[in-house]
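Two chains, each in its own frame: build the complex with the hints.
Okay, here's what each chain looks like letter by letter:
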Amino acid sequence: MAYDANEAEGGNPFAAMDSAMAASPQAMYKMLRDSSPVLDLGTMVLVSRRADIEEVFRHPEVFSSNMSAVELGNVRPLIPLQIDPPDHVRYRRLLDPLFAPRQVAELEPRVAELVHRLVDRFVDRGECDLVPEFTVPLPSEVFLTILGLPLDDLPTFLEMKDGIIRPPGDTPEQQAEVRARTASSIYDYFDHVLDDREKARRDDLVSRFLDVEVEGERLSRAEILDICFLFLIAGLDTVSASLDCFFAYLAQHPEQRRELVEDPSLVTNAIEELLRWETPVAGVARVTVRDCELAGTKIKAGEQVSIMLGSANTDESEFADADDVRFGRETNRHLAFGGGVHRCLGSHLARLELRVAIREFHTRIPSYRLAPGAELAYTPGIRSLAHLPLHFDTGR
Amino acid sequence: MKVQIDTDRCTGHGRCYVLAPEVFDADDRGNGVVLLDGPIPEALVDQARRAVANCPEQAVLVTE
Chain A
209 MAYDANEAEG
219 GNPFAAMDSA
229 MAASPQAMYK
239 MLRDSSPVLD
249 LGTMVLVSRR
259 ADIEEVFRHP
269 EVFSSNMSAV
279 ELGNVRPLIP
289 LQIDPPDHVR
299 YRRLLDPLFA
309 PRQVAELEPR
319 VAELVHRLVD
329 RFVDRGECDL
339 VPEFTVPLPS
349 EVFLTILGLP
359 LDDLPTFLEM
369 KDGIIRPPGD
379 TPEQQAEVRA
389 RTASSIYDYF
399 DHVLDDREKA
409 RRDDLVSRFL
419 DVEVEGERLS
429 RAEILDICFL
439 FLIAGLDTVS
449 ASLDCFFAYL
459 AQHPEQRREL
469 VEDPSLVTNA
479 IEELLRWETP
489 VAGVARVTVR
499 DCELAGTKIK
509 AGEQVSIMLG
519 SANTDESEFA
529 DADDVRFGRE
539 TNRHLAFGGG
549 VHRCLGSHLA
559 RLELRVAIRE
569 FHTRIPSYRL
579 APGAELAYTP
589 GIRSLAHLPL
599 HFDTGR
Chain B
26 MKVQIDTDRC
36 TGHGRCYVLA
46 PEVFDADDRG
56 NGVVLLDGPI
66 PEALVDQARR
76 AVANCPEQAV
86 LVTE
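Line by line, the protein sequences give chains A and B.
Position in the first sequence (from 1) plus 208 gives the number in my numbering.
Position in the second sequence (from 1) plus 25 gives the number in my numbering.
Derived by calculation from the structure, the hints in this document are not laboratory data.
This structure is a prediction, so every number in the text was calculated from the model and none was measured.
All the given hints hold, so there is nothing to weed out.
Computed footprint of chain A on chain B, listed as stretches where at least three residues anywhere in the stretch have a Cβ under 8 Å from a Cβ of chain A:
hint: 1; region: 28 to 39
hint: 2; region: 53 to 65
hint: 3; region: 69 to 79
The following label-pair restraints were derived from C-beta to C-beta distances:
hint: 4; chain 1: B; residue 1: Pro46; chain 2: A; residue 2: Glu467; range: 22 to 28 Å
hint: 5; chain 1: B; residue 1: Ala78; chain 2: A; residue 2: Thr602; range: 40 to 46 Å
hint: 6; chain 1: A; residue 1: Arg389; chain 2: B; residue 2: Glu47; range: 48 to 54 Å
hint: 7; chain 1: B; residue 1: Glu47; chain 2: A; residue 2: Asp295; range: 32 to 38 Å
hint: 8; chain 1: B; residue 1: Glu89; chain 2: A; residue 2: His324; range: 45 to 51 Å
Glycine residues also receive a C-beta, built at the ideal position from the N, C-alpha and C atoms.
Bound-form chain B, shown alone (with noise of 0.2 Å):
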C-alpha cells in the first residue's frame, strides 16, 4: 500500500497527521505530507487507513 496526498484537496484539517503521526506529518501550514517514500510498513498500515478514511476532503489517496 502507498499513499499520496492531494495538495488540490487539502485544506488542512489536520485529521491523517493526527491519526496517524508515522505516516503523515504537518507542513509549516498544517497540510498533511507523506512521510514515507514507498510502501508503507505493514505494522503502519492499519493508522494509514484510518487516515484515508477520516480526511473530510478525501484528499488522502491509497496509490497502490
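Next up, chain A with everything else stripped away, as it sits in the complex (with noise of 0.2 Å):
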C-alpha cells in the first residue's frame, strides 16, 4: 500500500491512491489522521480529522465551495453547489422542498418498478455483472423519470456525465477539452428541453424549475441550466458508486447480507452503517477565500482544501469502534453526504434509491459471491467499480 502526495495532482488527492488503498482507503484515512491531519500539499491541502472537518463545514465564509474548488468544465457556478451563503440559501429554499423526504417518497413504487425491470433481465441467468447491468442505469433512469426525460435518453446522458467526471484523455489538458465540449453539450441538451417544456409544461422537475418563483423572481433560463448541469453529475454517479460499494460489501460478508435477508427492518439502518463506512464519496472539495489557520497549519487565501469525508466517519474520536461495521449501530453521526449548509441536496432521494434497491434485490437475489477470480478495481475520489461480477443460484 502506498501513498504517494506526489502523485496527488489535478485537484484530487484520491489519485495518489493504489487500488490495494482505494479499495479499503480507511487505514490510509487513520494513518494521514495520526500524522498529518492538515496536510499541505503544495496544490492542496488534506482535511482528514473529524472535527477539523466539521470547523471547515460550519465556516463557508472562509471554506468556499465556489466555482474554485473543483475543474468540472462548467462555466458558470453550479446551482446550488458552487453559491456560497448569502445567495446560496435562496436556491435551497427553492430546491430542498422538491426533494425534501416527504417529497421524494412519492416515487417508491416507481424506483421499485425500476429495481425489478433491471433484476428481471438478468435473474434466470444465474450471472451478471452488476455496474452495467445495475449499479449504472438504475440511478440514471431515477434520474430520467424525475426530470421527465425519456428513457431512451440513458446513453446521451451516462455519456455526459462520464464526459465531465471521468474525461478520457492522456493528459490534464486533453481531459480539461473533452470536458469542456461535454459541458458544452449538456447546456444544449437541457436547453433544447426547456425549450419544450416552454410550449408544454409537464409534470416533471423541469417544468416545474420554469414557473417556481424565489423571493419573487423566477429563475432564469442560465440558473435552470446550471441547476439541470449539477444534477446531471451530482446524483447519478454518486448513487451508483454507492451501490457498487454496498453490494461489493454485502457480496464478501454473507452474514451480514443473511441479516438483511431475514430482516429487512434492518435495511434502513444497515444503509447508514454502510454509508459510514464505505463513504462512497470519499472527499469534497473547498477553497480558501482568505489566510487562515486550521488545527495550527496556516492556510493561504485561494488553496484548495480538500475534505475527507472517509476520514470524517472513521475517526476514533467520534466511532470509538470505527472499525466494526455493525449494521445495529446506535449512534452513527457520520458525514457521508457532508455537512454544513452544502450537505448533500439529494440525500433523501440517494437513501430511498438506496434502500429500494437493496430491499428488492434481495427479495429475487437473496444469496450471490464474487464470480471467482473477479478483481475489483475501485476508483479514487468517487469510489465506483468498473465491474462486479456476481454469481447466484437461479432457484431452479
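Structure (C-alpha cells):
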C-alpha cells in the first residue's frame, strides 16, 4: 500500500492512491489523521480529522465552495453547490422542498419498478455484471424519470456525465478539452428540453423550474441550466458508486447479508452504517477565500482544500469502534453526505434509492458471491467500480 | 427532558425525524422541527436521545 503525495495532482488527492488503498482506504485515512491531519501538499490541503472537518463545514465564509474549488468544465457556477451564502439560501429554499423526504417518498413505487425491471433481465442467468446491468442504469433512470425525460435518453445521459467525471485523455489538457466539449453539450441538451417545456408544461421537475419563484422572481434560463448541470453530475455517479460499494461489501460478507435478508427492517440502519464505512463519495472540495489557520496549520488564500469525508467517518474520536461494521449501530453521526450549508441536496433521494434497491434486489436474489477470480478495481475519489461480476443461484 | 432544534445549525440531514418520528417532524424543506410542546413523555425519551446522539450537525439540543 502506498500513498505518493507527488501524484496527488489535478485537484484529486485520491489520485495518489493505489488500487489496494482505493479498495480499503480506511487505513490510509488513519495514517493521515495520526501523522498530518492538515496536510499541505502544495497543490492542495488535505483535512482528515473529524473535528477539523466540522470546523471547515461551519465556516463557508472562509472555506468556500465556489467554482475554484473543483474543475468540472462548467462556465458558470453550478447551482446550488458553487454558490456560497448568503445567495445560496435562496436556491436551497427553492430546491430543498423538491428533494425533501416527503416529496421523494412518492417516487418509491416507481423506483421499485425500475429495480425489478433491471433484475428481470439477469435473474434467470445465474450471473451478472452488476455495474453495467444495475448500479449504473438505476440512478440514471430514476433521474430521467424525475426530470421527465425518456428512458431512451439513457446512453446520452451516461455519456454526458462520464465526459465530465471521467473524461478520456492522456494529459490534463486533453481531459480539460473533453470536459469543455461535454459541458457545452450538457447546456445544449437541457436548453432543448427547456424549449420543449416552454411550449407545453408537463408534470416534471424541469417544468416546475420554469414556473417556480424565488423571492418573487422566476429562475432565469441560465439558472435552470446551472441546476440541471449539477444534477447530472452529482445525482448519478454518487448513487451508482454507493450501490457498487454496498453490493461488493454484501457479496463478501455473507453473514451480514443474511441478516438483511432475514430481517429487512435492518435495511435502513444498514445503509447508514455502509454509508459511514464505505463513504462512497470519499471527499468534497473547498477553496480558501482568505488566509486562515486550521488546527495550527496556516493555509493561504486561494488554496484548494480536500475534505476527507471517509476519514471523518472512521475517526476514533467520533466512533470508538470505528473499524467494526455493525448494522445495528445505535449512534452514527456520519458525514457521508457532507455537512454544513452544502449538505447533499439529493441525500433523501439517494437514501430512498439505496433502500429500495437493497430491499427489492434481495427479495429476488438473496444469495450471491463474487465471480471466481473477480478483482474489484475502485476508482479513487468517487469510489465506483467498472465491473462487479456476481454469481448466484437461480432457484430453478 | 425537553429538546429544541438549533435552526442555525440544522441543515436538513433528516436523522432526527427518521429515528424519532414521534418527537420530530420535517418542515417543507426537510429540516427538523420538534412536534411536542413541553417535556418529552417518558415513553419517547429513548428515541429523543437517539436523535440527539445522531444529528451530524449537533443541532438537536437537550434544553432541560
